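I would like the entire structure built from these sequences, with the hints used as guidance.
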Amino acid sequence: MGGRTRRAALGALAVALVLLGAAPAQAQPGVGDQAQWRIRQDIVDHALREVGQREGKGNFYPEKYRDVEPGVLRPAEWCGVFVNWAWATAGVVDKPSMRPAPGASVLEQGHWATYWQKWGKTTGRWKDISERDVEPGDAVVYGNFPDFHAHVGLVVEVKYDRTGRKATHVRTVEGNFGDRVVYSKLRSIEGLNAGKYLKATGFVSPF
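If you count by mature numbering (1 follows the signal peptide of the UniProt record, and there is no 0), then the sequence shown holds residues -27 to -1, 1 to 180, one letter each, in order.
No lab work stands behind these hints, which were simulated from the structure alone.
Misleading hints may appear alongside valid ones.
With a straight-line cut-off of 25 Å between C-alpha atoms, the simulated DSS-like cross-links for lysine-lysine are [unchecked claim]:
no., residue 1, residue 2
1, Lys100, Lys158
2, Lys172, Lys100
3, Lys68, Lys91
4, Lys139, Lys91
5, Lys100, Lys139
6, Lys158, Lys172
7, Lys132, Lys172
8, Lys169, Lys132
9, Lys68, Lys100
10, Lys68, Lys30
11, Lys68, Lys172
12, Lys158, Lys139
13, Lys172, Lys139
14, Lys158, Lys132
15, Lys94, Lys37
16, Lys30, Lys91
17, Lys132, Lys100
18, Lys172, Lys91
19, Lys94, Lys68
20, Lys169, Lys158
21, Lys169, Lys100
22, Lys94, Lys139
If you anchor each label on the Cβ, the simulated ranges turn out as follows [stated by the list, open to error]:
no., residue 1, residue 2, range
23, Arg138, Val79, 13 to 21 Å
24, Asp134, Asn32, 15 to 23 Å
25, Thr96, Gly44, 17 to 25 Å
26, Leu171, Lys94, 35 to 43 Å
27, Asp134, Ala77, 34 to 42 Å
This one's a predicted model, so the numbers in the text were calculated from it and none came from an experiment.
Don't be surprised by glycine CBs; every beta carbon is placed ideally from N, CA and C.
Following this line, the structure appears as structure tokens:
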């Protein structure tokens, strides 16, 4: 495969990734606004450190994932909780609330995986899968709001075409996949899925 790969800087995580069977990533300076790129790198770092973390019996996910926002449910389906935790821990301020606003539907919260899609569209941060526009640190959404059968994860690496503008492949870290945090292989944007029938619909930027 030709093209360019953009990954977040991982520093001391290289050793950990080798132990996990993953290739260490390289820093990519000069990409966009430096403050935002640092936050993107931090999102990736936090996500990768969690690979292999498992939930307890009955969706009792690691308690620290709810510490960044009071009132986050536990136990719960927690793929959205994991993304929320990684964004918040890296310093993302504006993100989907993990609780519905007063009078709002229970679907209007970050616990609901496809709410990330609706929130992204409302805030102008949604990027449809067809655009092939994605950066490390983006959330990837599988399914469409308000689907119940859905999933959300984090992009940690992007491979681009030879122009460096259109993504061709991504690597992700996803919580609550097989009851744990998983690190994916590099996968083609075309046909990106979370299970045989659950297709990726797009990405949500943290900015």
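**Prompt:** Among all the numbered hints in the text so far, which are the ones the structure does not match?
**Reply:** 10, 15, 16, 23, 24 and 26
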